[in-house]
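Student: Same order as they appear, the protein sequences are chains A and B. Sequential numbering of the first sequence, starting at 1, is according to my numbering. Sequential numbering of the second sequence, starting at 1, is according to my numbering.
Calculated from the structure, these hints are not laboratory results. In this text, all values refer to a predicted model and were calculated from it rather than measured experimentally. Note that the Cβ used here is the ideal one computed from N, Cα and C, for glycine as well. Just to be clear, a hint being listed does not mean it is correct.
[Said to hold, decoys possible] List of simulated lysine-lysine pairs, BS3-like, C-alpha gap at most 30 Å: (1) A/222 to A/130; (2) A/222 to A/162; (3) A/275 to A/265; (4) A/222 to A/46; (5) A/222 to A/237; (6) B/86 to A/237; (7) A/222 to A/87; (8) A/87 to B/146; (9) B/86 to A/162.
[What the hints assert, rightly or not] Pairwise CB distance ranges (calculated): (10) A/244 to B/70: 37 to 47 Å; (11) A/87 to B/103: 17 to 27 Å; (12) A/138 to B/159: 29 to 39 Å; (13) A/237 to B/47: 39 to 49 Å; (14) B/280 to A/114: 21 to 31 Å; (15) B/48 to A/83: 52 to 62 Å; (16) A/264 to B/95: 45 to 55 Å.
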Amino acid sequence: MTSRTLIRTALAALLLAPAAFAQTVTVMGSTALGPLVKKAAEDYMKSHPGVQIAVSGGGSMTGLNQVVSGGCTIGISDVFATPEQEKSGIRNYNVVIEPFALIAHPGVGVASLNSQQAEDVFTGKVNNWKEVGGKDQKIVRVNRPTSSGTRAVQQMTVLHGKEFSNNQLVQDSSGAVANTVATTQGAVSFIELDFLNRSNGRFAGIAYNGASCTKADVSSGKYPLFSFGHAYTHPGKTDPKTLKVAEDFLAYMLSAQFQDTTVLKAGYMPVAYVKSLKAKL
Amino acid sequence: MPEAPDILLDTPACAPGNMPQDLLLEAPGGTPDLRHSRAQRLADRWAHLVFLACGLLVVALIGGILYFLAARGVGAFLPLAGNTDKVLTLREVFLSADWDPNAGRFGILPFIAGSLSVTGLALLIAAPTGILTGVFIAKLAPAWMKTLMRQVMDLLVGIPSVVYGIFGLMVVLPWVSGKWLSDSPAAGFAVSAAILSVMIVPTIVSLATDAFESLPLSLDEGSQALGSTRWQAIWHVLIPAARPRLLTATVLGLGRAIGEAMAIQMVIGNNPQWIALMRQSTDQTPMLRFLFTPAATLTTELVQELPNTAAGSTWNNVLFAMGLLLYLMTMLIILATRRLGQRRNA
Chain A
1 MTSRTLIRTA LAALLLAPAA FAQTVTVMGS TALGPLVKKA AEDYMKSHPG
51 VQIAVSGGGS MTGLNQVVSG GCTIGISDVF ATPEQEKSGI RNYNVVIEPF
101 ALIAHPGVGV ASLNSQQAED VFTGKVNNWK EVGGKDQKIV RVNRPTSSGT
151 RAVQQMTVLH GKEFSNNQLV QDSSGAVANT VATTQGAVSF IELDFLNRSN
201 GRFAGIAYNG ASCTKADVSS GKYPLFSFGH AYTHPGKTDP KTLKVAEDFL
251 AYMLSAQFQD TTVLKAGYMP VAYVKSLKAK L
Chain B
1 MPEAPDILLD TPACAPGNMP QDLLLEAPGG TPDLRHSRAQ RLADRWAHLV
51 FLACGLLVVA LIGGILYFLA ARGVGAFLPL AGNTDKVLTL REVFLSADWD
101 PNAGRFGILP FIAGSLSVTG LALLIAAPTG ILTGVFIAKL APAWMKTLMR
151 QVMDLLVGIP SVVYGIFGLM VVLPWVSGKW LSDSPAAGFA VSAAILSVMI
201 VPTIVSLATD AFESLPLSLD EGSQALGSTR WQAIWHVLIP AARPRLLTAT
251 VLGLGRAIGE AMAIQMVIGN NPQWIALMRQ STDQTPMLRF LFTPAATLTT
301 ELVQELPNTA AGSTWNNVLF AMGLLLYLMT MLIILATRRL GQRRNA
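Kindly generate the complete structure, drawing on both the sequences and the hints.
Tutor: Right, dumping it as structure tokens:
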């Protein structure tokens, strides 16, 4: 992992060498957030000549590790930093809402679950779809790997902190989860809203608590299945000039102009939707 | 003895025995100066250095990777610099089947057992198939088919493993799920081993074919002259005669199988708690449960978890220890093949 990061850094340095006189902000981390931040960077650089924003992937944990060690200006992540990482003095910006949805193989005969049912399905208390009003069909849980940040969020919101059943399949990307649910009888899982919208009926969404993933239900707190896309900066380890540019860039990402257009188009939601929900955020 | 023609005596270049010195150092007058020019010798020396550097680079890379894995992997057991978390005992890691990283339990036995099971099953399918295909290509197939089969085998080696994985995930798994003896999903050792065996069969086939082709023809002819049928000759004479090389072929297949990650992680189900799950379940007979329980191997667990764990944490270190274990296992396999090869030559 380190060597990959090194190579990447070296490549980035090579690419950026000609622009040495420009203000350069490096962004690293979540591959899910990457495209959105890249789009923001393009827009921002257009209106701010002389600023270079380089976005690369590596995963949420890489982004957090790098921003803590000063390896990049902004670390983007789908999960909160760990307590140890927090201690280093990094600063968190919640930049978007990442909503996700419950999905199942089409034909399990269940169109909605209340929060207790959903919890039981994933903890393994319920093992057949007929127990929650569906067909006589074994429930097949498809989860993310234990270390996945997405999984941690799901455990918190859907399982209310309880443990996932060990009777499960594990796939490590949204694409693999989508494929597995689409091809496995009785499968159930979570996926980013965007994937569900583009599923073409290969798998079906399941309503949660009678609420759907809309602006109204998300902002009223009726639909709690979302996490934040985070951007972390490290004021203690960043050159003040660069930090100022980075902060200005993040302010642009949080502006209504960006949030109400590009963010929505990318399948995310503006953070303003949950401004009123003070609890647990 | 007739007198040798003059030219033989006069031209040192043709006198056997002292040719090199004469040629290079003191070619007498009249003969062409065959010494390399200064520039050529310089180029030679440089080329020598370049080759040496390339060779050393490879050795350094292998050593470097070993060092990198060991430095991080050993951190799981010793309080090294860079550790941000607690250390474990060897026993807790290598002799425990309890894997629950969030609760601080890091028994990697399920992954070792998973790797061995899936590799063993794959060999069980691939070794007989490969060896018999080898017999067919070397001894039975008509010439045109021989060429065709060889080309097909080369093609199979060239297909990227992720393609096998996609095929398994999109075609084989849905097809097997819920049919015959398997539940839905059918993810587990059976499908993984089947996919894996397709991946290692070409290796075994090409080595087995070479083994049979290198046998002296007299063995085959002799046994048939003594009245054996085709089958008897193959079974009682050819296969025993080629056995050491067939063993080498199988072990090389094993080496390829144990390191495979991408294809397997797409179809095996990646469940680290598979041993516990298998014990709890009463759905089917134990053998079927073993074949169709979602499981995990050393390689699949590395692929799934390594990108998400923080550097220096116990979890991360244990994953590196697993990588180190895989490295050492592969080394052992390679050494074993060399041993087998030496015995063959003796």
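Student: If a hint holds in the structure, say so; if it does not, say that too.
Tutor: Cross-check of the supplied hints:
For the given pair, residue 222 of chain A sits about 26 Å from residue 130 of chain A by alpha-carbon distance, which is consistent with the 30 Å threshold. Annotation: proposed proximity of residue 222 of chain A to residue 162 of chain A holds, straight-line Cα distance about 20 Å (limit 30 Å). Of the supplied pair hints, the one linking residue 275 of chain A and residue 265 of chain A holds, its CA atoms being roughly 20 Å apart against a limit of 30 Å. Restraint check for residue 222 of chain A and residue 46 of chain A: not satisfied, since their Cα atoms lie roughly 39 Å apart, outside the 30 Å limit.
Between residue 222 of chain A and residue 237 of chain A, the direct Cα distance comes to roughly 40 Å. Violation of the 30 Å bound is thereby established for this hinted pair. A C-alpha spacing of about 27 Å is found between residue 86 of chain B and residue 237 of chain A, which places the hinted pair at or below 30 Å, so the restraint holds. About 33 Å separates the Cα atoms of residue 222 of chain A and residue 87 of chain A, which puts this hinted pair outside 30 Å; it is violated. Between the alpha carbons of residue 87 of chain A and residue 146 of chain B the distance comes to roughly 67 Å, so the proposed pair goes past 30 Å and is violated.
Our distance criterion of 30 Å between C-alpha atoms is met by residue 86 of chain B and residue 162 of chain A, whose separation comes to about 25 Å. Between residue 244 of chain A and residue 70 of chain B the C-beta distance comes to about 44 Å, which sits within the given range of 37 to 47 Å. Checked against the given bound of 17 to 27 Å, the beta carbons of residue 87 of chain A and residue 103 of chain B, roughly 23 Å apart, stay inside it. For the pair residue 138 of chain A and residue 159 of chain B, the beta carbons lie near 34 Å from each other, so the given range of 29 to 39 Å is met.
A hinted range of 39 to 49 Å holds for the C-beta pair residue 237 of chain A and residue 47 of chain B, which are about 48 Å apart. Checked against the hint of 21 to 31 Å, the pair residue 280 of chain B and residue 114 of chain A passes, with Cβ atoms roughly 27 Å apart. Between residue 48 of chain B and residue 83 of chain A, the C-beta spacing of about 57 Å keeps the proposed range 52 to 62 Å intact. In this structure, residue 264 of chain A and residue 95 of chain B meet the distance hint of 45 to 55 Å, their C-beta atoms being roughly 53 Å apart.
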